Amino acid sequence: MDELKFRREAYENPNRQDDEFLASMHESSERTAFVNDLKLLDKKLEAALKVEVPEDLEAKLLLNQQLHQHQVERRKTGFTLALVASIAFIAGISFTLLRLAPVDLGQHALAHVYHEEMAMKSERNISVDEVNTQLASLTSLNHARFTEQPGRVLYSTYCDFQGVKSIHLVMQGKQGKVTLFIVPLEDRMVLEEAFADNRYQGMGFKSDNAYVLLVGEDVTDLNFVRDEVKESFI
Amino acid sequence: MFSVIRNKKPKKSVNRDMLNKQRRYDSLVRALHGDLFRYAFWLCGDKHIAEDITQETFLRAWRSLESLKDDKAAKAWLITILRRENARRFERKQFDYSDVEQADIADHISASSEESMEQHMLRRQIAKLEAEYREPLILQVIGGFSGEEIADILDLNRNTVMTRLFRARNQLKEILDDTQTRGRSNG
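If you read the sequences in order, they're chains A and B. Going from the first sequence to the working numbering is simple: count from 1 and add 540. Going from the second sequence to the working numbering is simple: count from 1 and add 731.
No wet-lab data here; the hints were simulated from the structure. Predicted model only: the values in this text are computed from it and were never measured. Incorrect hints may appear among the rest.
[To be verified] Once the Cα atoms are required to be at most 25 Å apart in a straight line, the calculated DSS-like pairs of lysine-lysine come out as:
| hint | chain 1 | residue 1 | chain 2 | residue 2 |
| --- | --- | --- | --- | --- |
| 1 | B | K859 | A | K584 |
| 2 | B | K800 | A | K584 |
| 3 | B | K778 | A | K583 |
| 4 | B | K859 | A | K579 |
| 5 | B | K904 | B | K859 |
| 6 | A | K584 | B | K778 |
| 7 | B | K803 | A | K590 |
| 8 | A | K714 | A | K746 |
| 9 | B | K800 | B | K752 |
| 10 | B | K904 | A | K590 |
| 11 | B | K904 | A | K616 |
| 12 | A | K661 | A | K705 |
| 13 | A | K600 | B | K803 |
| 14 | B | K752 | A | K616 |
| 15 | B | K752 | B | K803 |
| 16 | B | K752 | A | K600 |
| 17 | B | K803 | A | K545 |
| 18 | A | K583 | B | K859 |
| 19 | A | K579 | B | K904 |
| 20 | A | K590 | B | K859 |
| 21 | B | K778 | A | K590 |
| 22 | B | K904 | A | K583 |
| 23 | A | K714 | A | K770 |
| 24 | A | K579 | A | K590 |
| 25 | B | K778 | A | K600 |
Bound conformation, chain A alone (with noise of 0.2 Å):
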């Protein structure tokens, strides 16, 4: 190995192992006492590389990483908790909607009657002054009331009519028994002075302050009960 190389070799890395420098390395006592020469100074290369560190570095790496993680975790639940928080608000902004939709009165009322079945096998006798306290608990109603008894109440019950608070009651017609809502008015509400479909019979009308449907099987009952019920209600 000629000089150059040897040298170049040398103050690449002092330290190398390999055969060939080894060889020519002990070539001479010069080439030796360069070497060393080298040695020491890579010795001092890294004392003085060797900066201290902070001895509190290692613990504040580990706290770091555990205060990393927790946010992590912590970041994790409350996307969690606002997906939560979301899905309730549209739920509750689509039942507020719904809410707000047209309510065809008629379709409602019956099935309302298909609903409340048993209500039609009441065959108990409700005094005028019962339904009176009733409607009378009904605000939204304006003090509506029966002046006097509208024939035969069999049944009589607050119910729901899409959100509305209503008055549900079973009257007795010539033959048959016929179904009375009486719904306070609101704007959303459709009322269709008819309707039908292939079991029970329907009419519609509005008093002063509500909507008043009736459902039977009969359309001569509906006509009778109607009729009582004009004269009474207002």
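Chain B: place on chain A using the hints.
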């Protein structure tokens, strides 16, 4: 019955994975934080910035610990992350550092009483060395990397790395010999 078993198993293994990851991270920090801090210090020349860079580096390492397949390569992997973090620092601050920084470095390395004058002088000279010469030298001397490994980390070819190592030692030795002879003639 089934759902209980199904729910329990993955939870356990997730916990075990987390624990393994934690242990791996802890041992990396213990074994390598000193070398990384020193490397960062010689890159930026400031102890506080070096600490910040080291922290950023380990945080990034934690996030992508899964991508480190071979633990023997951990040091080179961490140094690669650290160099990227250091470069990011320059992207953020868009003014020219080269002149200011060199002067800064010299000031930051103060001679403490137990530190020999020679070591203090050597530190100043290392700091004054151009970064492209300094980096391979640090990787070789305190990182213990071979020429190929340094070439890999710095994304250079091996011959360039060897040339730079040669020049770095050459420059330092010349300065050192110079001051020694001058010292002698003065004394």
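These are the hints, each one checked on the structure:
no., hint, result
1, B:K859 x A:K584, "holds, 16 Å"
2, B:K800 x A:K584, "violated, 35 Å"
3, B:K778 x A:K583, "holds, 23 Å"
4, B:K859 x A:K579, "holds, 21 Å"
5, B:K904 x B:K859, "holds, 14 Å"
6, A:K584 x B:K778, "holds, 21 Å"
7, B:K803 x A:K590, "holds, 22 Å"
8, A:K714 x A:K746, "holds, 23 Å"
9, B:K800 x B:K752, "holds, 12 Å"
10, B:K904 x A:K590, "holds, 18 Å"
11, B:K904 x A:K616, "violated, 56 Å"
12, A:K661 x A:K705, "holds, 23 Å"
13, A:K600 x B:K803, "holds, 24 Å"
14, B:K752 x A:K616, "holds, 19 Å"
15, B:K752 x B:K803, "holds, 16 Å"
16, B:K752 x A:K600, "holds, 18 Å"
17, B:K803 x A:K545, "violated, 33 Å"
18, A:K583 x B:K859, "holds, 19 Å"
19, A:K579 x B:K904, "holds, 11 Å"
20, A:K590 x B:K859, "holds, 16 Å"
21, B:K778 x A:K590, "holds, 13 Å"
22, B:K904 x A:K583, "holds, 12 Å"
23, A:K714 x A:K770, "holds, 16 Å"
24, A:K579 x A:K590, "holds, 17 Å"
25, B:K778 x A:K600, "holds, 15 Å"
The structure does not agree with the numbered hints 2, 11 and 17 stated previously, though it agrees with the rest.
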